[in-house]
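Kindly produce the complete structure, drawing on both the sequences and the hints.
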Amino acid sequence: MLLHLIKRDVLLRYRGAYFGLLWIFLNPLIMLAIFTFVFSQIFQARWPIQTSDIPFALNLFCGLIAFNIFGETVSRAPVAIRSYPNYVKKIIFPVEILPLVPLGSSLIHGLFSTAILVGALAWTGNLHISLLLFPFLLLPLIMIAIALTWFLAAWGVFIKDMSQIVPVFVQMLMFLSPVFYPAQAVPEALRSFYTLNPLSSVIEALRAAIAGVAIDWSSWSVALVLGFLAFFLGYTFFNHSRDEFADYL
Amino acid sequence: MSLPTTSDDIIVSIRSVSKVYRTFNHTGDRLKQAMTFGLCKYHKDFTALKNVSFDIKRGETIGIIGSNGAGKSTLLQLICGILKPTSGRVQVNGRVSAMLELGAGFHPEFTGRENVFFQGTLMGLTETQMADRFEAIEAFADIGEFIDQPVRIYSSGMFVRLAFAVATHVDPDLLVIDEVLAVGDAVFQQKCIDLINKLQSSGTSIIVVSHTPYHLEYLCHWAAVMRKGELSELKPTKELLSSYHELVQDELSRSPDIIRSEREGTKEVCFEKIYIETDSVTDAKTVHCTDSMCIVAEVYAKNPISNVFFRFEIYSSANELIAVVSTLGLAETIQFHGKHRITFNMSPCQLTSGWYYITAITRTKCVRLDTWKRVIDFKVLMKDKNAQNLSMDHGLLVSQGQWEFS
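In order, the protein sequence lines correspond to chains A and B. Residue numbers for the first sequence follow this note's numbering, beginning at 1 and rising by one. Residue numbers for the second sequence follow this note's numbering, beginning at 1 and rising by one.
Hints listed in this document are in silico derivations from the structure and should not be mistaken for laboratory results. Where is the CB? At the ideal position from N, CA and C, for every residue including glycine. Please note: incorrect hints may appear among the correct ones.
Said to hold, decoys possible - A short list of chain A residues far from chain B (calculated; beta carbon distances all over 10 Å): (1) V10; (2) G16; (3) Y18; (4) F39; (5) I91; (6) I92; (7) F93; (8) L100; (9) I116; (10) A122; (11) L190; (12) L196; (13) G212; (14) Y235.
Unchecked claim - Sample of chain A residues at the chain B side, in silico, Cβ under 10 Å: (15) M1; (16) H4; (17) R15; (18) Y87.
Structure (structure tokens):
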């Protein structure tokens with residue numbers, strides 16, 4: 001059923017468009033092209049503290065893939081349930097899977113972006129075997145995303161403002177996480193905050209994986225534990241408040 | 001409708017169920033309450049259901065009737081498990097197909113076919129099970145090649161047909177119907193009722209909520225009235241509906257804004273008093289449909305006047321004009337001066353049971369003398385509802401007659 005819903009969600013976004021599902025592929029491709037042009041050609045930017053010869057745009061793209069999975073999911077979370085009042089009120093439906101729909105659909109989008117990333121890495125001759133860890137490394141990020149989605153989806157039912165507040169925070173988080181820069185470039189004094197941010201550990205681990213260098217497993221594990229904790233908290237909270245959804249929608 | 005031979009197989013069991021909604025005046029109040037972990041109260045309680053208990057056995061059809069906001073839909077949502085009761089227990093054994101709103105799970109962008117399959121998945125059927133049923137669903141909905149068009153371009157009739165077809169073809173143990181039969185054209189409605197009858201005989205339990213007594217009468221074995229969250233005892237449908245009818249009319253007659261009589265005219269001839277007289281009572285408020293009934297008007301004319309007409313109009317409580325009687329061509333020659341008494345005798349009154357009101361008018365050819373709108377309300381009762389020589393207590397008119405068979 002969840003798969004059905006995700007399929008619907010993805011199909012729906014492209015239904016009626018001339019290029020249809022091609023957009024899933026075209027969107028990240030265009031984005032990567034722009035990044036390459038702007039950062040490599042115009043800014044002539046170099047990745048600070050370079051450990052490999054992966055171009056700037058690809059380092060950036062890698063972080064962005066991970067962040068987008070998180071950001072897209074969380075931004076849509078407040079309306080994940082609110083926008084399906086019929087499913088809550090008019091038909092018999094397992095409501096707890098509704099928040100998983102945005103995650104599923106952003107994972108699918110992430111998958112296509114990753115395919116492009118892999119293609120680009122191969123093109124630039126940077127293919128490493130550790131790339132296979134990519135999906136596994138995403139695990140803490142996915143857990144956190146689900147946890148937040150459960151929280152936000154439940155709150156979103158009761159408080160309409162959530163759908164306004166959340167995107168602002170997501171935007172903020174994008175700049176506070178090492179998406180456009182490596183975590184090592186952060187001043188020493190603030191670095192400890194960054195290690196606490198599970199997004200940061202995951203993105204750094206992903207970058208290490210595509211570069212084929214050693215992954216910082218300790219901070220990744222911390223992120224995983226945080227992820228599990230958040231997951232259970234989120235689920236408990238969601239189950240606690242779900243009985244009241246129908247009353248408030 | 002005959003009662004089915006039911007097993008003791010209980011599909012739905014509802015035990016002293018209450019539902020209280022918390023209403024917040026302001027969204028912020030909800031936050032405040034959450035912050036204080038419910039220690040401070042910022043809400044008002046609204047009780048939608050009070051201590052409701054009943055059972056539905058396999059193959060039974062239960063009807064629930066009641067005015068808007070009586071709690072009917074809340075009850076259905078509790079049965080479907082969409083809402084949780086505040087107290088009490090709801091137990092349902094088997095697959096429930098909910099028709100709280102037809103096509104609620106449909107997405108306008110997807111085709112009819114896609115939506116049908118999706119709806120099947122929602123009900124817990126596999127793709128192959130759905131494929132087996134698809135032909136029957138398509139045939140029942142009868143919307144032709146539109147089945148492969150997005151649902152958003154459907155006419156509302158097509159939409160409803162398809163939705164009804166899906167909901168009834170997934171082999172539910174319990175079918176929950178909320179006021180959805182009042183849709184579609186007459187042919188389709190009949191088709192729905194036939195299909196429901198078929199489901200009934202195959203052992204599906206059904207619970208129907210409606211405020212149109214008509215459907216309940218044809219579908220339900222048992223019925224109950226819901227009033228302000230309280231459910232009456234389940235009774236055989238016919239018995240219940242007649243008492244419900246009384247209740248509605250009583251309530252109507254009591255609401256103050258409806259009894260508002262208006263008068264206008266030059267008052268050269270004016271009504272002093274208008275009332276209904278039966279064989280036994282002057283100024284009667286209730287009339288039996290088989291008895292005679294007199295509309296009496298006492299009028300007063302200050303100066304001698306002739307060429308006056310009188311006219312009584314009888315309206316139903318739904319403001320439908322039922323009958324008009326007029327003295328046109330009868331009283332022109334009579335000169336009115338001082339007090340007069342005018343009566344119109346209806347024998348028998350022949351109206352079906354319910355509430356009615358009368359408007360009285362007097363005028364000359366060109367001048368309105370006195371128009372008294374809704375001067376009296378009265379109630380018609382039917383004493384012997386099973387009388388062989390009378391038509392049924394439906395529609396507007398109870399007429400006398402005999403059947404003949406040859």
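Hints, verified against the model:
Listed as a non-interface residue, A/V10 keeps its Cβ farther than 10 Å from every Cβ of chain B; the least gap is roughly 12 Å. A/G16, annotated as away from the interface, has a beta carbon of chain B within 10 Å; the closest lies near 7 Å. No beta-carbon of chain B is positioned within 10 Å of the beta-carbon of A/Y18; the least distance is around 16 Å. Listed as outside the interface, A/F39 is consistent with that label: its C-beta sits roughly 38 Å from the nearest C-beta of chain B, beyond the 10 Å cut-off.
With a minimum CB-CB distance of about 5 Å to chain B, A/I91 fails to clear the 10 Å threshold, and the non-interface call is violated. At the 10 Å boundary, the C-beta of A/I92 falls inside the reach of chain B, the nearest C-beta of that chain being 5 Å off. For A/F93, the condition that its CB be more than 10 Å from all CB atoms of chain B is violated, with the nearest at approximately 6 Å. Look at A/L100: its CB is around 15 Å from the nearest CB on chain B, clear of 10 Å, so calling it non-interface holds up.
Remark: the non-interface label on A/I116 is consistent with the geometry, its nearest Cβ contact in chain B lying 27 Å away (cut-off 10 Å). At roughly 37 Å from the closest C-beta of chain B, the C-beta of A/A122 stays outside 10 Å, upholding its exclusion from the interface. The claim that A/L190 lies off the interface holds: its Cβ sits roughly 31 Å from the closest Cβ of chain B, which is beyond the 10 Å cut-off. Every CB of chain B is more than 10 Å from the CB of A/L196 (nearest about 26 Å), matching its label as outside the interface.
No beta-carbon of chain B comes within 10 Å of the beta-carbon of A/G212; the shortest separation is about 43 Å. Non-interface status of A/Y235 relative to chain B is upheld: no Cβ of that chain comes within 10 Å, the nearest being about 18 Å off. Residue-level restraint check for A/M1 holds (minimum Cβ-Cβ distance to chain B is 6 Å; threshold 10 Å). The restraint placing A/H4 at the interface with chain B holds, with a minimum CB-CB distance near 5 Å, inside the 10 Å limit.
Interface restraint check for A/R15: the shortest CB-CB distance to chain B comes to about 5 Å, inside 10 Å, so the restraint holds. Because the smallest distance between the Cβ of A/Y87 and any Cβ of chain B comes to about 7 Å, under 10 Å, the interface hint for this residue holds.
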